[in-house]
Amino acid sequence: MSESSARLEGWLAGDQTSPSQRVERNEQLLLAADAIQSLPEAQRDAIIMHYWQSLSMAEIAESTGKTPAAVAGLLHRGLRKLRNLLTEPE
Amino acid sequence: MSQETNGSDARDERLNLILAEYLQFEQTGEPPDREQLLRQHPDFADELRAFFADHDKMQALAEPVRASHTPDASSQSTEATLITSDDSDAAVDEPNLRFQTQDHVTGSPAIPPPDTNVAFDHLGEQSTPRQSTIIRYFGGYEVLEEIARGGMGVVYKARQTSLNRIVALKMILAGKLASTDDVNRFQVEAEAAANLDHPGIVPIFEIGEHGGLHYFSMGFVQGQSLADRVNDGPLPPREAAEIMRNVAKAVSYAHGKGVIHRDLKPANVLLDAKGEPKVSDFGLAKQVESDSNLTRTGTLIGTPNYMPPEQARCETGDVGPRSDVYSLGAVLYCLLVGHPPFQSANPMDVLSQVLDREPISLRQLNPAIDRDLETIAFKCLTKDPTGRYPSAEEFADDLQRFLHGEPINARPISTLERLFKATKRQPKLAVSAGLLGMLISTLMQVIAAVPALWNLLGASLSSAMMFLVIESVVGCFGGIYSAIILNQKDRLRWTVWITSMIIMLGGPLFIFFRITIVLIAGP
Chain L
1 MSESSARLEG WLAGDQTSPS QRVERNEQLL LAADAIQSLP EAQRDAIIMH
51 YWQSLSMAEI AESTGKTPAA VAGLLHRGLR KLRNLLTEPE
Chain X
1 MSQETNGSDA RDERLNLILA EYLQFEQTGE PPDREQLLRQ HPDFADELRA
51 FFADHDKMQA LAEPVRASHT PDASSQSTEA TLITSDDSDA AVDEPNLRFQ
101 TQDHVTGSPA IPPPDTNVAF DHLGEQSTPR QSTIIRYFGG YEVLEEIARG
151 GMGVVYKARQ TSLNRIVALK MILAGKLAST DDVNRFQVEA EAAANLDHPG
201 IVPIFEIGEH GGLHYFSMGF VQGQSLADRV NDGPLPPREA AEIMRNVAKA
251 VSYAHGKGVI HRDLKPANVL LDAKGEPKVS DFGLAKQVES DSNLTRTGTL
301 IGTPNYMPPE QARCETGDVG PRSDVYSLGA VLYCLLVGHP PFQSANPMDV
351 LSQVLDREPI SLRQLNPAID RDLETIAFKC LTKDPTGRYP SAEEFADDLQ
401 RFLHGEPINA RPISTLERLF KATKRQPKLA VSAGLLGMLI STLMQVIAAV
451 PALWNLLGAS LSSAMMFLVI ESVVGCFGGI YSAIILNQKD RLRWTVWITS
501 MIIMLGGPLF IFFRITIVLI AGP
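Listed in order, the protein sequences are those of chains L and X. Residue 46 in our numbering is what sits at position 46 of the first sequence, and the numbering runs on without skipping anything. Residue 8 in our numbering is what sits at position 8 of the second sequence, and the numbering runs on without skipping anything.
In case anyone wonders, no lab produced these hints; they're calculated from the structure. This structure is a prediction, so every number in the text was calculated from the model and none was measured.
Simulated restraints on C-beta separations:
1. L:L30 - X:E145: 33 to 41 Å
2. L:K66 - X:Q222: 42 to 50 Å
3. X:Q40 - L:S63: 25 to 33 Å
Note that CB positions come from ideal geometry on N, CA and C, so glycine has one too.
Could you build all of it, start to finish, from the sequences and the hints given here?
This is the structure:
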């Protein structure tokens, strides 16, 4: 999973939007990537699989051995934690 | 303390289920309405709102990376939304391959993100709706274009990459197969249907599951469906009869293999390039349209226009070949006059009509329709399954006889039956007629009683008066009963009908005996 986040950072360079937008979003993405890295492992995995790898709930449930409801719970808690991490400056 | 923890656990669990269902539906391209969800779960409104906001932000943020799954997404329709699929042919037999090979994430060029408003704070404005992720490859199929979209799923024209053939790929929407039991039944049923090999049946090639979505691939038929044909107007009666004869033969073949269609309707009959009908979606309706799903999504899947009463009542045990015979008759009806036997904007109205009403006579709608053809169609549309053709084969045979100008087996209904059916079609008129009849009958009974009264006067005035009162009361009761019976459901109707006949006839018989006794014995 950490590989995926690293790849996320690598991807930033290839972006094609206007320079200012790119800088802005790159920054957001870097912040997000850092924040995601700091999440508990289960939440981090669920978020990366769902949002970055576009895996379906059923697939995530299958690969993690959890129920779809439990995966939804991880996503919910993970997003909430991310929001706190990203809105409150450290 | 521990109880409080349990309470909050249960609450979390409930919220998780709501979220999981939302996310699953979202991935099928048909996310539930958020406002409605908030109204349905007011106790979770705050959590849900926060989640949706975070969820949208995260999706917008991840969008560019997600889009790189689908290199050519911009050329596709933005409406076709399913889950993003993976690295094409490599995953033909290994749906979960994506878990091992993640390199493709960076392998494809990224496309410009549609949305840069991704400030990840909860207080910020809702981000614009994300662009749908588009599938290009699904399992071993290359998706070419969307053909149709229904309550059950989406049908795509696709190319099976391993065999390089064009197929119709039907995806069952996630959540339509509620439990593992449903999934298993779907598999069994679909496999049975896959064994059908008949020129009048669209073949099923493969049944499978990919990325949590169940799908099956079937022959791609270039041409329009009967529903499209009927949209242009009713078919000439002979052509309709020929098409339905061929459809019935195909259905009869499937019945012989133990497969019941359960959802025959014009949209499920495709006409190939030569105009030959091919029946699709055999035996697949049952699991997908089961009752639990009706309540789950809150919408009626499909229309009950072609559904026999036993199926409309969800008496699944009674659903058999004769149920398909009903639907065949309903489709024939539709081909002949351009609309199904029962129709209404509200599916519940249709349902109640299917149960209680008789369809309008075909010849009333189009006098050019042969009486025999009408008789054949109406034999199929009998409410009681035992009144229909016992098999699709016999329906086909009777149509064949009609086409050859031979006498048909179906017996036209008698005048009495026709009258009885008319009461079901126009209950209000029938009630008025019934009441009028009873009024006349009461009047005649009173008149008939007059001579007897004169005879009886000598004996006892009070008993004669009593007699008159009884007569009137009996007449009134008869009238009330006749009004009631016309509003009763099938089973009760006969009981009440017989009772009221006894009451109606009882009065005059009583007078007759009194007069006889008076004449013989004297007053």
